[in-house]
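J.: Following the hints, put chain B in place on chain A, whose structure we already have.
Number of protein chains: 2
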Amino acid sequence: MGHNKEYKDLIDQEKDILPAVSIDCVIFGFHENQLKVLLVKFGNTDIYSLSGGFVLNEESLDEAATRILNHRTGISNTYLEQFYVFGDPKRVDPEIHRTVMKKNGVDLPPTHFLFKRFISVGYYALVDFTQINPTSSIAQEESGWFDIYELPANIAFDHLHIIQKALESLRLLLDHKLAVFNLMPETFTMGELQSLYETILNKKLLRANFQRKMLSLGILERLEKKWGGGAHKAPYLYRFDQSKAIPAHKPDYWE
Amino acid sequence: MGHNKEYKDLIDQEKDILPAVSIDCVIFGFHENQLKVLLVKFGNTDIYSLSGGFVLNEESLDEAATRILNHRTGISNTYLEQFYVFGDPKRVDPEIHRTVMKKNGVDLPPTHFLFKRFISVGYYALVDFTQINPTSSIAQEESGWFDIYELPANIAFDHLHIIQKALESLRLLLDHKLAVFNLMPETFTMGELQSLYETILNKKLLRANFQRKMLSLGILERLEKKWGGGAHKAPYLYRFDQSKAIPAHKPDYWE
Chain A
1 MGHNKEYKDL
11 IDQEKDILPA
21 VSIDCVIFGF
31 HENQLKVLLV
41 KFGNTDIYSL
51 SGGFVLNEES
61 LDEAATRILN
71 HRTGISNTYL
81 EQFYVFGDPK
91 RVDPEIHRTV
101 MKKNGVDLPP
111 THFLFKRFIS
121 VGYYALVDFT
131 QINPTSSIAQ
141 EESGWFDIYE
151 LPANIAFDHL
161 HIIQKALESL
171 RLLLDHKLAV
181 FNLMPETFTM
191 GELQSLYETI
201 LNKKLLRANF
211 QRKMLSLGIL
221 ERLEKKWGGG
231 AHKAPYLYRF
241 DQSKAIPAHK
251 PDYWE
Chain B
1 MGHNKEYKDL
11 IDQEKDILPA
21 VSIDCVIFGF
31 HENQLKVLLV
41 KFGNTDIYSL
51 SGGFVLNEES
61 LDEAATRILN
71 HRTGISNTYL
81 EQFYVFGDPK
91 RVDPEIHRTV
101 MKKNGVDLPP
111 THFLFKRFIS
121 VGYYALVDFT
131 QINPTSSIAQ
141 EESGWFDIYE
151 LPANIAFDHL
161 HIIQKALESL
171 RLLLDHKLAV
181 FNLMPETFTM
191 GELQSLYETI
201 LNKKLLRANF
211 QRKMLSLGIL
221 ERLEKKWGGG
231 AHKAPYLYRF
241 DQSKAIPAHK
251 PDYWE
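Those protein sequence lines, which keep their order, are chains A and B.
The numbering of the first sequence is our numbering, which starts it at 1 and goes up by one.
The numbering of the second sequence is our numbering, which starts it at 1 and goes up by one.
Here chain A stands alone, though its shape is the one from the complex (with noise of 0.2 angstroms):
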């Protein structure tokens, strides 16, 4: 079996990269009522990951994550957010390392930096999975939107671990993380609002506790009735005030 040229090339690069810091991005799906994540299958395997990588000595850790995102699912243009580092000794099996290369024509010495410790910085993001269709750019890759409560059972190293501590960030900072990811359409009714709270904290909210404490945020803007069928049953338009959903999320330190 051949060398897979893009296998090879990354674990040639370890002059290139800052040592022990890795890079996993946990891409959020929403549409109609469905939450999925973005999970790429390694060449010549049943093992699926997160959309990882390394950083290059000169490049900050956003500039990273938004380099590698692309390489391995072709998204650019995604805002992604930092959200915590997995720092645990032992969160890395280098078995599956030396599974998926060898699979791919790829022997790694026993001292390969592969098999050295990494801290992964976790970032997330939340797109609509209808606007996006993801391609690797490694040949032999695979990469797709797998329902958030139907995931494969071979998800490698710590990232089912990363998936859920990044829906647990998700869902304690959704007030906040709205209008940044800006996930919803230019405008949209209470209900479809209240639909993607209910798909993303997986439970059934009241109508109108909900929308008290959405107006309380101060963050939308109400606008016309939307079109519909008897005008009392047309409901409003909101959509997000960015200068008001601004200051919330990053508040003036030394005012």
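Note that these hints are calculated values from the structure, not bench results.
There's no promise every hint is true.
It does not matter which identical chain is meant; a pair holds if it fits inside one copy or across any two.
[Claimed, not checked] Derived BS3-like pairs: lysine-lysine, alpha-carbon spacing no greater than 30 angstroms straight-line:
#1 K225 <-> K8
#2 K90 <-> K15
#3 K116 <-> K15
#4 K103 <-> K15
#5 K116 <-> K102
#6 K203 <-> K213
#7 K103 <-> K41
#8 K203 <-> K103
#9 K5 <-> K102
#10 K5 <-> K204
#11 K116 <-> K8
#12 K90 <-> K116
Since this is a predicted model, take the numbers as computed values, not measurements.
T.: This is chain B only, laid out in the frame that chain A set:
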């Protein structure tokens, strides 16, 4: 000038630590309307920094943060939480390391690992500063509390930025961190809690709104009235209902 043994030990540990990764601890201190932060003054200089250090090969990040905080300030048994990773390639000015070491009798070669790139994992905590009297294990160092709005001018590296980001995170998540950081006494009045919020957010809050919002979080348990002057003026006492605080902080992911 002879070597300062503690600094010498610090810079001789390259083989024992994870390369490229450091940790910085932002310890906020609160007491009666004052918000402070704990800084360390490097030996024989007027340069201040956060309590920082490196990660030993076999340590988790959380373990390293606890050990480092103890080494540089004497603090133990304080719950630290990771809040952000700082990864700008130019975040550290190597001249500062050179100066500090020189002032302590250690001459560093240009190839020394201290001059390589490090990303830094930020940890934070919120404590009562009257309960903690910090002392560094490094003989020439001093550590002490500084009012957050009157910090010394000469703070090293990107540590002012790290403090700002920590304060931003604390403000954003204050509702969730109240019980986690276990800052309030066992029982407290709504006025005492409001004072904590006002000090951390650095603004006055409307009493009625604040009370309504706090009660809506569902994490406070109302106890008997505090003994005071006229019965109609005595405020209620509250305490955190930990059983409710924890699920809100750590949601069930896959329910």
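J.: Against this structure, judge whether each hint is valid.
T.: Hints, one by one, checked against the model:
no.: 1; hint: K225 <-> K8; verdict: neither (57 angstroms within a copy, 71 angstroms between copies)
no.: 2; hint: K90 <-> K15; verdict: both (24 angstroms within a copy, 19 angstroms between copies)
no.: 3; hint: K116 <-> K15; verdict: both (14 angstroms within a copy, 13 angstroms between copies)
no.: 4; hint: K103 <-> K15; verdict: within (25 angstroms within a copy, 33 angstroms between copies)
no.: 5; hint: K116 <-> K102; verdict: within (18 angstroms within a copy, 33 angstroms between copies)
no.: 6; hint: K203 <-> K213; verdict: both (16 angstroms within a copy, 22 angstroms between copies)
no.: 7; hint: K103 <-> K41; verdict: within (13 angstroms within a copy, 54 angstroms between copies)
no.: 8; hint: K203 <-> K103; verdict: neither (42 angstroms within a copy, 60 angstroms between copies)
no.: 9; hint: K5 <-> K102; verdict: within (13 angstroms within a copy, 48 angstroms between copies)
no.: 10; hint: K5 <-> K204; verdict: neither (49 angstroms within a copy, 61 angstroms between copies)
no.: 11; hint: K116 <-> K8; verdict: both (18 angstroms within a copy, 27 angstroms between copies)
no.: 12; hint: K90 <-> K116; verdict: both (10 angstroms within a copy, 25 angstroms between copies)
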